[in-house]
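Going down the list, the sequences are from chains R and S.
Just so we're aligned: the first sequence equals residues 1 to 631 in this note's numbering.
Just so we're aligned: the second sequence equals residues 1001 to 1227 in this note's numbering.
Everything labelled a hint here was simulated from the structure, so no lab data went into it.
Glycine included, every Cβ here is placed at the ideal spot set by N, Cα and C.
Among the hints, a few may not be true.
[Claimed, not checked] If you only want the chain S side, here are some residues facing chain R, beta carbon under 10 Å, derived:
{"no.": "1", "residue": "Phe1009"}
{"no.": "2", "residue": "Pro1012"}
{"no.": "3", "residue": "Val1047"}
{"no.": "4", "residue": "Ser1053"}
{"no.": "5", "residue": "Arg1061"}
{"no.": "6", "residue": "Leu1062"}
{"no.": "7", "residue": "Thr1064"}
{"no.": "8", "residue": "Gly1070"}
{"no.": "9", "residue": "Val1079"}
{"no.": "10", "residue": "Asp1083"}
{"no.": "11", "residue": "Ser1085"}
{"no.": "12", "residue": "Arg1088"}
{"no.": "13", "residue": "Ala1090"}
{"no.": "14", "residue": "Leu1091"}
{"no.": "15", "residue": "Asp1097"}
{"no.": "16", "residue": "Pro1182"}
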Amino acid sequence: VNSQSDVPEDFEYWPTLRRATWRLSALRSVLEYANQYSDIYRDLWEAHGVNPAQIIALEDIQSFPIVEKSTFLQGPRRRPSSLGTSVGFSTRGTSGEPLVVWLDDNDIDAFVRPCARGLRWAGLQKGDRALGLSPTWHRLAAVEGHALREIGASVCHFWGTLADPGHVDYFLDALAAFRPNFVSTTPPFLLMAIRRCEKRGWNVSERFASVRNVSVVGLALTPGLRRFLTDRLGVKHVFERGGSQEGAALDECSLHTGMHVHEDVCYLEVIDEDGRASDVGQAGRLVVTKLVPGGSPFVRYATGDRAVFIPGDCECGIQFARLRILGRPESTVVVSGKPITGYEVRRILDERQDLVGRISLLVRDAQHPNVLRVAIEGQAPVDDPSVLLAEEFRSPDVRIEWLGGVELAWSFRQVIDVNDLKYGTYGSGRLPDGMACVAPTPKSPACQQPGVPKWKPPSRGFTMMNAIMTVVHTIGAAVFVGSNVLLERLVRRLEAIPPLEAVRLSELLGVDMAVMNSAALVLLGLTGLWKIPQLGVHFGQLVDWRYVSSPDGLALVSMILLWVSLMVSSAFMMFCFRPRLLVKLPYNASRQAIDSEGANAMAAATWISRLSRFNLVAGVLALIAGAFLVR
Amino acid sequence: MTTNPVISFALPDGQLRFGIGDLDPWAEHLTWCFNFLGVRSGATIGVLDFGASPVSFLGSRLLTPGLVSGVAERLPATVICLDGSRERVALVPRILDQVSFDVLVVRDELRTFLLETCRDDGVRLDDFLLISTLGTGLRGWDQPWILGWRRIVVAEATMLLAPECNHCRAFHIRGARYSVDPVERTITALGTQWHQALPDRANLVLNACSLARDEWIVSFSPDAGHP
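Construct the entire structure; sequences and hints are all you get.
Here's what the structure looks like:
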């Protein structure tokens, strides 16, 4: 029987038959291990009349029963195995229940080799600095630290957790402080990092300047998303990795033609609904057998993923089979009887420059089983992608909900229920695992409070109200600036006539202008108050230096300050200087009094002229800031 | 494992770097802290904390390269890594259906959420030894005693790990691991330049707890340290 330490250095280049012989030996030892240490497997196999001794070829494993998570969740609470050192990890529970999986020395020893192999494929070299996954996040992450050391790279971990978008700042800070050559993370976290950089006005590729390659795990990369990430980060390659707590381990080579299965540590099958092996190229259920006799044994474990083996050989020369993991039932909707995964929809959308990087969620709608419904962040582009999706999935009815200003945090979850969309909640009370939430900034309270309903798609009435507010705001700004331009020209013309007549004329015309200006300013204030939350900004952020120092924050706060200064200036004009123009003297007023009041009126007119010029400049600056905000 | 790289942690208030051989003394100290808090050999310990927290990365040699023997190996105990996220806290009631815990170590920011989650799911935590970790910046260090909880200060950037005493209700500074400068009011990990300044309100007292003579304790209430 092979032990994992016997895995040959060049195993990935061995021909299929030779690998199969080696793997058969590993499989037998795993079956013996499971039979010896797992009551569940022993009882199950006995009930099915199978035993490890009857395995003669790898394919004989197909006679063994398939187990699912529910198999392990039945029965009383257990204490962990007391066999040597043991560390437990919990799955994310995306299918409803988490599963605790045990890792021991044998597991670490066995999985370090394929992990290091994958990291080498991804270009990691001895002496590199790597910003790695947090070791407590996943067994893959725990193994990764040892693999990095095996290669001779130094590893840095950032503060916080990959599960919290609010911690993306710590990741970016670590990037700046550690200057890694290699980054290992998840696609959602990477996308959040890009967004955060943009919010803060940072150049993303400068932030990633030291990084040569990135490796991501946890969400299948579409070709469009890979190109997007590679371009935005300015790295040479973005590699995809795959791995499950149950023992599946996969990595891409530099040709990016699909993930190679590390055949020394796992035996993966893709089966159809009848439990038969699917043909290569045909999607089906993914079944994992961990080929390591250690930790929690997994033999023919259906992970819930849908996957497909990629036909043909990879030109890189690696002989390991290639697999594409498509998604899980919880990331799949059924339209006209056909399963459609989030990956398949994202693959189409991510080809569009105006859509790649936006979060899209499939909407499960039992009332309309023949309608493909997708919720997408942002406003609808000119060229609606519904037609593309309808063509691709041969579904005549595709409905896209554009989420407008609602901004979501990237997560692993890819499907929501139509009621969530309708009522603006994700489930009853508690936010499901990994669910997206409103995230004007990653540290917003909304992201910190999973139990709170997160967002509401805008109702028709709200949308109409928002449109009215936008029109009023725009008209208000145009009226204000326009009236001040007119006033400016008027003041210049008045300089050509005798001063006292000019004062009288400006007093007469000024009333209308002042009323118009004041009305416009009040409207701008009210509609502006309405629009601030629509920009995805909490009022509390207006006093948060991190937001204020960002380009958007600077523009918004400048607008507010300019508005306040305009209010003050207009108040001075209305209540301080304008009354001085309106003084009526008695008929018997002395010449001295008339001259004195005339001088006062002229001084007031001069001030009004100065303030109206200030108003004009401030109004134009506010317009520019506003245009920047809605760019 | 042929080379001798450094493992680093990028923290909000600096970078923490460990060479080979640096980690094990800290794992020994954390084991002492856990013992002090009442964690016993053979315990199953659930840890709801970040990977960059010493409470997590010193948990087992399986988690951290360069660590020969972590808490799991020293006590010995079994460690379950649950990460320091609300996502994982929300799973705790369902994880408890599968695994019986003896100890639950929770990052203090998550403590309230854990209690709410467990209350909503009808899960009682009375059977567990509950430990909350007061993290970066010593937030919450001066908060009053919490009934039913044991606490440990974890100042990551200076590696100050100080458990709260059940007897004197002050935080114990282990003499074998730290030196204390009562004039400058700093605590320094032996063999390092990691100085931890104490908050103004903290009382620094020597020989005040009968459980650990010749040791400094840090308290925030006037009567602490005089049980």
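Status of the hints after comparison with the structure:
1. Phe1009: With a minimum Cβ separation of about 5 Å from chain R (threshold 10 Å), the hint on Phe1009 of chain S holds.
2. Pro1012: holds (6 Å)
3. Val1047: holds (7 Å)
4. Ser1053: holds (9 Å)
5. Arg1061: holds (7 Å)
6. Leu1062: The hint holds - Leu1062 of chain S has a Cβ within 10 Å of chain R, the shortest such distance being about 5 Å.
7. Thr1064: With a minimum Cβ separation of about 6 Å from chain R (threshold 10 Å), the hint on Thr1064 of chain S holds.
8. Gly1070: holds (8 Å)
9. Val1079: holds (5 Å)
10. Asp1083: holds (5 Å)
11. Ser1085: holds (4 Å)
12. Arg1088: holds (7 Å)
13. Ala1090: OK, holds: Ala1090 of chain S within 10 Å of chain R, min 6 Å.
14. Leu1091: Where the cut-off is 10 Å and the nearest Cβ of chain R is about 5 Å from Leu1091 of chain S, the hint holds.
15. Asp1097: With a minimum Cβ separation of about 6 Å from chain R (threshold 10 Å), the hint on Asp1097 of chain S holds.
16. Pro1182: Constraint on Pro1182 of chain S not satisfied, violated at 31 Å.
Checked against the numbered hints given earlier, this structure breaks only hint 16.
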